[in-house]
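Trainee: If you read the protein sequences in the order shown, they are chains A and B.
Residue numbering for the first sequence follows the working numbering, beginning at 12 and increasing consecutively.
Residue numbering for the second sequence follows the working numbering, beginning at 619 and increasing consecutively.
Among the hints, a few may not be true.
Derived EDC-like pairs: lysine to aspartate or glutamate, alpha-carbon spacing no greater than 16 Å straight-line [unchecked claim]:
#1 Lys744/B - Glu661/B
#2 Lys32/A - Glu754/B
#3 Lys713/B - Glu754/B
#4 Lys681/B - Glu661/B
#5 Lys379/A - Glu661/B
#6 Lys681/B - Glu159/A
#7 Lys251/A - Glu278/A
#8 Lys738/B - Asp365/A
#9 Lys415/A - Asp629/B
#10 Lys415/A - Asp624/B
#11 Lys758/B - Glu704/B
Everything labelled a hint here was simulated from the structure, so no lab data went into it.
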Amino acid sequence: MFDVRRIREDFPILSRKVHDKPLVYLDNAATTQKPRHVLDTLIDYYSRFNANIHRGVHTLSDEATCAYEAVREMTARFLRASSSRTIVFTRNATEAVNLFAHAWGRVHLVAGDQILLSEMEHHSNLVPWQLLAKATGARLAFLSITDEGRLDLSHLERLLADGTKLVSLTLMSNVLGTINPIRQIAEAAHRHGALILADGAQAVPHLPVDVQQLDCDALVFSAHKMLGPTGVGVLYASEKLLESMEPFLGGGEMISDVQLTSATWNEIPWKFEAGTPNIGGVIGLGAALEYLTRLGMDQVFAHDLELTSYALSRLSEVDGLTLYGSREAGMTRGGVIAFNLDGLHPHDVGTVLDAEGIAIRAGHHCAKPLMRRLGVAATGRVSFYIYNTKEEVDRLMEALQTTKAFFNRQSVRM
Amino acid sequence: MLDQLDELYRDVILDHFRNPTHVGELPVAQVKVEGANPLCGDELTFHLQMQRGRIHQVRFRGKGCAISQAAASMFATQLEGKTIQEAWRIVDTMKALMQGQDPDDSVDLGDLEALAGVRKFPVRVKCAALSWNVVEQGLKNYSSQ
């Protein structure tokens, strides 16, 4: 049963005050808060079986290794992946994109090959490809977006036919909330012999994601946006694809044998995990997956949509407030809402909201090309998660009115 | 907390934000310099026309929050007619003010004094400081020519 009041009790931080007001945390697209189950799991690991993994003969190392590898199994199940060998742990989603760009791109791309991206991508799904294009001579092409904030797919076939070897797109926009039709695009990409990577940083925490059903070849996400600790990301890629890739980083753990001048690689996925990983963080991710699985991702998504629908309808009542992206929450639009108040910079709005205890994001959201497409320098952004309530949306609405009144106050000097 | 916000967004700051002075470009300017806060996207370009060792005219263009744009308007106002030495003193005084020190009384800050309230909002100091950081860079380049 999805009981927000009980969920809130699991999050110690939600009882704190900010500027003497109860915290309203609406910056979940940046990072989410952590439930006690995750915090306790971290303390349990560090206080009972902290050890390095994969190399000790002692009990603690064995326990830590089992716990770490169990999370790989859980992650595979969470994504409905065929095998835990498809799961590589990284530092974050950004590193996972970079890993794939480097380890796959430098082996498989030659000058003139095309990488197809879109105007709505986060910098982490743009800059790694710019670097790869520079290194290999590959070209970048872009799907534009419609005024509704959706991918314009009218040129998809032509762009795919124009030498596209890889499509890399966000599954859900971190600004517009748009949920992209990755399955449909994957089908077209595969018909043209191209691979597809889905940036799941926003989607995986908020909706049921099934990599086999999506038919994506690779997918990335970060633990910290889904109740887990910072410092852990995941690259999913099919076994065949991982086998065809060169290592990303060299070092311990990723090798099979090492001579003075050469080395052979460990099996996948360990071939891509050089050095001691964030063991505690991965175990913490496991606790987050347990928590979300217990709630049910269908329920998590339904809660997001209920709040988003309510917020979109209330926000559209505010005079002088511009909303970006689709106005209809649903299967193609999730719980991220970008907005601007006429004549006010989002940082000024964010400062007044903070004074009211409300945490939102203000800025370009690491999506400067999208900001240019929208014709703005920056926006405010609210984003929901399992512990947010309609009452909090109401507090946001009051605070936005306070903000308008504050900045519209009559000047004494005029 | 709204009291503290009044400290940050004093009336004089909102006035400069709504009706900034010294906005534009100068066709002849010995100092043309631009800068940005990459994290928040505030942008400022300053044009300074120098005459006989003095800053004769100042114009700026910018995009950004109320604090950054008001600071630019107030700073431009204060710079006009000053020698380069005097401009350095204003820059140093504003930096000291942002670090929580009492401003040097012998330096006339004009409306810039209203920015003292920004100190209570550490994340916003960089918004105010963009103006003098940009102009400081421009004056350094000019002096080293």
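Trainee: Evaluate each hint against the coordinates.
Mentor: For each hint, the structure was consulted:
Taking the CA atoms of Lys744/B and Glu661/B, the gap is about 12 Å. The hint holds against a cut of 16 Å. For the hint linking Lys32/A to Glu754/B, the alpha-carbon distance of about 40 Å lies beyond 16 Å, and the restraint is violated. Restraint check for Lys713/B and Glu754/B: satisfied, since their Cα atoms lie roughly 11 Å apart, inside the 16 Å limit. A threshold of 16 Å between alpha carbons decides the hint, and for Lys681/B with Glu661/B the separation of about 5 Å falls inside it, so the pair holds.
With a C-alpha separation of about 14 Å, the suggested pair Lys379/A and Glu661/B falls inside the 16 Å cut-off, and the hint holds. Pair hint Lys681/B plus Glu159/A does not hold up; C-alpha atoms about 26 Å apart against a cutoff of 16 Å. With a C-alpha separation of about 12 Å, the suggested pairing of Lys251/A with Glu278/A holds against the 16 Å cut-off. Our distance criterion of 16 Å between C-alpha atoms is met by Lys738/B and Asp365/A, whose separation comes to about 13 Å.
For the given pair, Lys415/A sits about 15 Å from Asp629/B by alpha-carbon distance, which is consistent with the 16 Å threshold. As the CA atoms of Lys415/A and Asp624/B are separated by approximately 14 Å, the hinted pair is consistent with the 16 Å bound. For the suggested pair Lys758/B and Glu704/B, the alpha carbons sit about 14 Å apart, so the restraint of at most 16 Å is met.
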